[in-house]
Amino acid sequence: MPRIHRIAVLLLFLLPLVGCYYDKEEVLYPNSFCNTTNVTWSGTIQPLVVSRCASPGCHVPGGQSPDLSTYTAFKAQVDLGRVQARAIQGNPSFMPASGKLPNCNIQQLQAWIDAGALNN
4 MPRIHRIAVL LLFLLPLVGC YYDKEEVLYP NSFCNTTNVT WSGTIQPLVV SRCASPGCHV
64 PGGQSPDLST YTAFKAQVDL GRVQARAIQG NPSFMPASGK LPNCNIQQLQ AWIDAGALNN
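According to our numbering, the sequence shown is numbered sequentially starting from 4.
Just so you know, the hints here were simulated from the structure itself, not pulled from any lab data.
If you're wondering where the values come from, they're calculated on a predicted model, not measured in any experiment.
Wrong hints could be hidden among the right ones.
So the derived label-pair ranges between C-beta atoms look like this [as the list claims (entries may be wrong)]:
(1) Cys-107 x Ala-11: 20 to 26 Å
(2) Ser-54 x Gly-93: 43 to 49 Å
(3) Arg-9 x Lys-103: 54 to 60 Å
(4) Val-12 x Gly-102: 21 to 27 Å
(5) Gly-93 x Pro-50: 19 to 25 Å
(6) Phe-36 x Ala-11: 38 to 44 Å
(7) Thr-40 x Pro-95: 28 to 34 Å
(8) Thr-39 x Arg-6: 22 to 28 Å
(9) Arg-9 x Phe-36: 43 to 49 Å
(10) Asn-38 x Pro-95: 54 to 60 Å
(11) Ser-72 x Gly-102: 18 to 24 Å
The beta carbon of each residue, even a glycine, is placed where N, CA and C say it ideally should be.
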């Protein structure tokens with residue numbers, strides 16, 4: 004087989020390796036695509052509380068921690084500075100107990116609080 008043919012065959016096998024490259028930026032850089040606009044209680048914060056805080060025995064009516072299952076109850080803890088202390092600043096330790104919230108959730112929570120923690 005002539006040398007030029009071997010080079011051509013080699014290039015044909017290598018071509019797919021240097022072809023198109025596609026990754027999602029939000030997966031590669033997870034902290035750069037956090038939507039903190041239009042953060043609402045019903046659309047953003049309440050689902051976060053339900054999924055991460057209001058677990059059985061914790062932050063529910065009759066649980067071992069303050070009830071966070073309703074807007075009124077959650078807002079009361081925001082007004083006392085407890086949500087900021089525990090979920091945002093980690094003082095004295097981060098909540099939820101399952102581990103620190105993802106940075107985007109922390110940013111969304113802070114944006115909602117900064118906007119007045121409205122029941123929207």
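TODO: Could you check the structure against the hints above and give me the numbers of any it violates, in ascending order?
DONE: 1, 2, 4, 8, 10
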